[in-house]
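Work out the full structure, taking the sequences as your base and the hints as a guide.
Protein chains: 2
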Amino acid sequence: MYRTQLILILLSIFLSFQTLAQTSLKKYVSLTVLGKAKETENMFHRVDTTKYPLIPKSVKYLLTNSAGLFVSFKTNSTSIAAKWCTSDKKSSSNMTAIAYEGLDIYIKKDGKWQFAGVGRPGTKSCSESVLVSNMDSSEKECLVYLPLYDETKSLEIGVDENAKISENTNPFQKQIIVYGSSIVQGASASRPGLAYPSRLSRNTGLNFVNIGVSGSAKMEKEVADMVSEMPGDVYVLDCVPNSSPAEIKERTKYLVKKIRSSNPIAPIIIIQTIVREHGYFDKSVGLRVQQQNEEIKRQLEELVKESVKDLYFISADNLLGNDHEATTDGTHPNDLGFDRMIQKFQPEILNVLKKHKII
Amino acid sequence: MYRTQLILILLSIFLSFQTLAQTSLKKYVSLTVLGKAKETENMFHRVDTTKYPLIPKSVKYLLTNSAGLFVSFKTNSTSIAAKWCTSDKKSSSNMTAIAYEGLDIYIKKDGKWQFAGVGRPGTKSCSESVLVSNMDSSEKECLVYLPLYDETKSLEIGVDENAKISENTNPFQKQIIVYGSSIVQGASASRPGLAYPSRLSRNTGLNFVNIGVSGSAKMEKEVADMVSEMPGDVYVLDCVPNSSPAEIKERTKYLVKKIRSSNPIAPIIIIQTIVREHGYFDKSVGLRVQQQNEEIKRQLEELVKESVKDLYFISADNLLGNDHEATTDGTHPNDLGFDRMIQKFQPEILNVLKKHKII
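Sequences listed follow chains A and B, in order. Sequential numbering of the first sequence, starting at 69, is according to our numbering. Sequential numbering of the second sequence, starting at 69, is according to our numbering.
Simulated from the structure, these hints should not be mistaken for lab results. Treat the hints with caution; some may be incorrect.
[Said to hold, decoys possible] Derived DSS-like pairs: lysine-lysine, alpha-carbon spacing no greater than 30 Å straight-line:
| id | chain 1 | residue 1 | chain 2 | residue 2 |
| --- | --- | --- | --- | --- |
| 1 | A | K158 | B | K221 |
| 2 | B | K158 | A | K157 |
| 3 | A | K95 | A | K232 |
| 4 | A | K351 | B | K351 |
| 5 | A | K142 | B | K351 |
| 6 | B | K151 | A | K157 |
| 7 | A | K351 | B | K208 |
| 8 | A | K177 | B | K412 |
| 9 | A | K412 | B | K177 |
| 10 | B | K351 | A | K412 |
| 11 | B | K176 | A | K351 |
| 12 | B | K177 | A | K192 |
| 13 | B | K157 | A | K192 |
| 14 | B | K351 | A | K232 |
| 15 | A | K180 | B | K351 |
| 16 | A | K151 | B | K157 |
| 17 | A | K95 | B | K351 |
| 18 | B | K351 | A | K208 |
| 19 | A | K177 | B | K351 |
Next up, the structure:
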């Protein structure tokens with residue numbers, strides 16, 4: 069018995085030293101947080117909501133979540149670590165903690181961004197994690213994505229003590245504002261960089277800005293004003309899932325016209341809501357989705373009749389495939405669902421950009 | 069201020085009544101737990117490990133996790149709920165709580181199993197959740213999968229008070245034993261029924277039995293003896309990820325020969341380990357995977373030379389696609405990764421079954 073205890077004590081001392089060796093022989097730096105529509109006072113917030121006092125509280129709160137934000141740097145370190153703090157909130161049942169309050173890293177390889185590792189959050193609000201190690205010492209371009217569903221309070225990137233690290237500019241060109249629901253914010257991607265706007269950015273080299281506000285994308289007038297003031301080459305509106313048919317009827321035109329008046333030539337792309345997979349059985353859910361999608365189509369047709377130009381429409385047909393396995397909980401796409409959405413979205417969005425000579 | 073508090077109190081009372089209305093006006097029943105290789109004393113355990121005193125502690129523990137287990141029933145209820153208890157453990161950072169300690173339900177529709185909803189675990193060890201509601205009252209065949217990574221302590225299915233519910237037999241034919249790592253157990257599927265053996269069962273109508281034991285699939289002699297005693301029409305060995313090259317060299321032949329001696333005609337399918345996505349940068353991880361896969365191939369070739377018949381091999385080539393987005397954390401496939409694995413596994417496994425006239 070004593071022998072077992074002794075072995076356990078020695079093992080825990082060994083493991084502590086190992087963790088220390090892995091994470092603490094590093095120099096840590098703070099880097100500029102990128103991926104926002106405009107600069108913000110608090111570098112970890114997506115929008116300075118103090119400038120928009122009338123937007124709903126839930127939207128204000130959700131814009132403190134760091135969905136879509138990232139840091140960009142070059143380093144020749146063989147190992148990359150991070151220390152970060154978030155709020156005390158814990159992950160929701162339909163998300164991994166890595167996606168909700170963790171990190172992931174991508175490294176440029178043969179001209180493409182390639183996944184290299186994750187930052188696993190611990191049980192407390194501050195975590196330290198090695199993202200990737202045992203690499204060669206060539207200089208690499210790196211992106212680290214911040215937590216999707218938590219407020220990031222601090223972030224430092226750690227490299228080998230003798231390694232070089234320098235801040236890099238935002239590698240993505242142009243600016244595409246994506247305003248939408250939890251699906252835009254990233255529920256239920258399995259890690260931060262798999263939220264669909266971020267995947268589109270890495271795939272295309274274009275800057276898709278995540279203005280996903282969980283269950284609160286309801287096109288309120290004050291939010292429409294805020295979105296319209298974000299400088300954009302294109303606006304993608306994926307806000308149908310959260311809005312009732314009545315809200316879609318009341319609010320779509322104001323949102324679209326407001327964006328158009330602030331941005332006379334930017335194409336506006338409206339996306340129908342994806343099906344809710346449990347809605348095939350739950351008749352009330354199924355009916356709501358059908359009514360939402362009919363109403364948004366009607367609004368778009370009326371806007372076209374009213375001569376609002378450069379509007380585009382992505383229908384919900386087959387967005388999630390036909391095997392019913394592409395959501396986590398019936399509502400939120402899993403990574404299979406996001407992959408299917410991207411296969412449809414990406415060429416349609418790129419076609420619009422080409423047509424308008426934006427790329 | 070008082071007014072706000074009063075509104076909050078009234079709202080919380082209203083919500084409590086609503087939850088009560090949704091979940092408690094139900095009759096609850098216990099059902100036989102299916103999906104095991106053999107009957108067990110504790111109906112929620114996958115194997116009676118008391119019969120195998122010499123298997124490693126970690127394997128004993130992991131076989132108490134309810135991965136791959138399910139209940140099967142018919143009901144005309146318009147709403148289906150569940151009450152269940154698990155251990156006090158909480159989800160790991162690379163899994164959703166729904167997958168780790170929650171439930172999901174599938175309903176037969178047009179001859180196919182179709183996802184219909186999830187059981188969301190709460191913060192305590194016992195939960196109550198409506199899986200699906202607002203359905204028509206036709207009789208339906210249903211499957212509810214149990215938590216992948218926790219020990220289930222109890223499970224009751226709830227239906228409308230005036231509805232009928234009756235136990236159904238296991239809808240899957242034959243028995244295919246899948247012995248393997250965390251990837252077999254279901255990390256990082258986003259809900260229980262998306263673990264790959266369960267998806268294969270629903271896709272094919274065949275009973276794929278989940279003997280995934282997280283990080284502990286190391287082919288120990290005592291575990292090999294246990295697996296060989298599980299009655300199977302086919303054995304799938306996906307245990308390379310957890311075994312070191314030396315363990316693969318030492319242990320593969322004993323495992324395969326033991327299964328063959330207990331089951332003279334059952335085909336045995338050996339799968340190479342999927343790539344570890346961070347191993348493209350982490351040279352030490354990359355090298356280990358390469359050595360594991362070379363060693364398992366060598367062992368298989370030697371077994372064939374030693375005249376062990378009916379061995380099959382699934383290579384790791386392109387199991388996860390080539391965009392490096394198909395894992396949650398570099399090691400564990402996300403649902404996109406599982407989908408790609410299934411696209412390769414399913415036809416290869418079905419071909420073996422057809423060749424041997426098992427189907």
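K351 (chain A) paired with K208 (chain B) [C-alpha distance capped at 30 Å]: holds, 15 Å
Within a Cα-Cα threshold of 30 Å, do K151 (chain B) and K157 (chain A) meet the stated pairing? holds, 25 Å
Check whether the Cα positions of K351 (chain A) and K351 (chain B) lie no farther apart than 30 Å. violated, 52 Å
What's the verdict on K142 (chain A) and K351 (chain B), does the C-alpha distance respect the 30 Å limit or exceed it? holds, 19 Å
Check whether the Cα positions of K151 (chain A) and K157 (chain B) lie no farther apart than 30 Å. holds, 26 Å
Take a quick look at whether K351 (chain B) and K412 (chain A) sit within 30 Å of each other, Cα to Cα. Violated. K351 (chain B) to K412 (chain A) sits at ~35 Å, over the 30 Å cutoff.
Holds or violated: K180 (chain A) and K351 (chain B), Cα atoms, limit 30 Å. Judged against 30 Å, a Cα distance of about 19 Å means the pair holds.
Does K157 (chain A) sit within 30 Å of K158 (chain B), going by the straight-line distance between their CA atoms? Distance of about 15 Å is within 30 Å: holds.
Regarding the pair K95 (chain A) and K351 (chain B), is the alpha-carbon distance no greater than 30 Å? holds, 22 Å
Holds or violated: K177 (chain A) and K351 (chain B), Cα atoms, limit 30 Å. Measuring from Cα to Cα gives roughly 15 Å; hence the hint holds.
Would the pair K176 (chain B) and K351 (chain A) pass a check requiring their Cα atoms to be no farther apart than 30 Å? holds, 16 Å
Has the given pair, K177 (chain B) with K192 (chain A), been kept, meaning a C-alpha gap of at most 30 Å? With Cα atoms ~44 Å apart, K177 (chain B) and K192 (chain A) exceed 30 Å; violated.
The earlier numbered hints that this structure contradicts are 4, 10 and 12.
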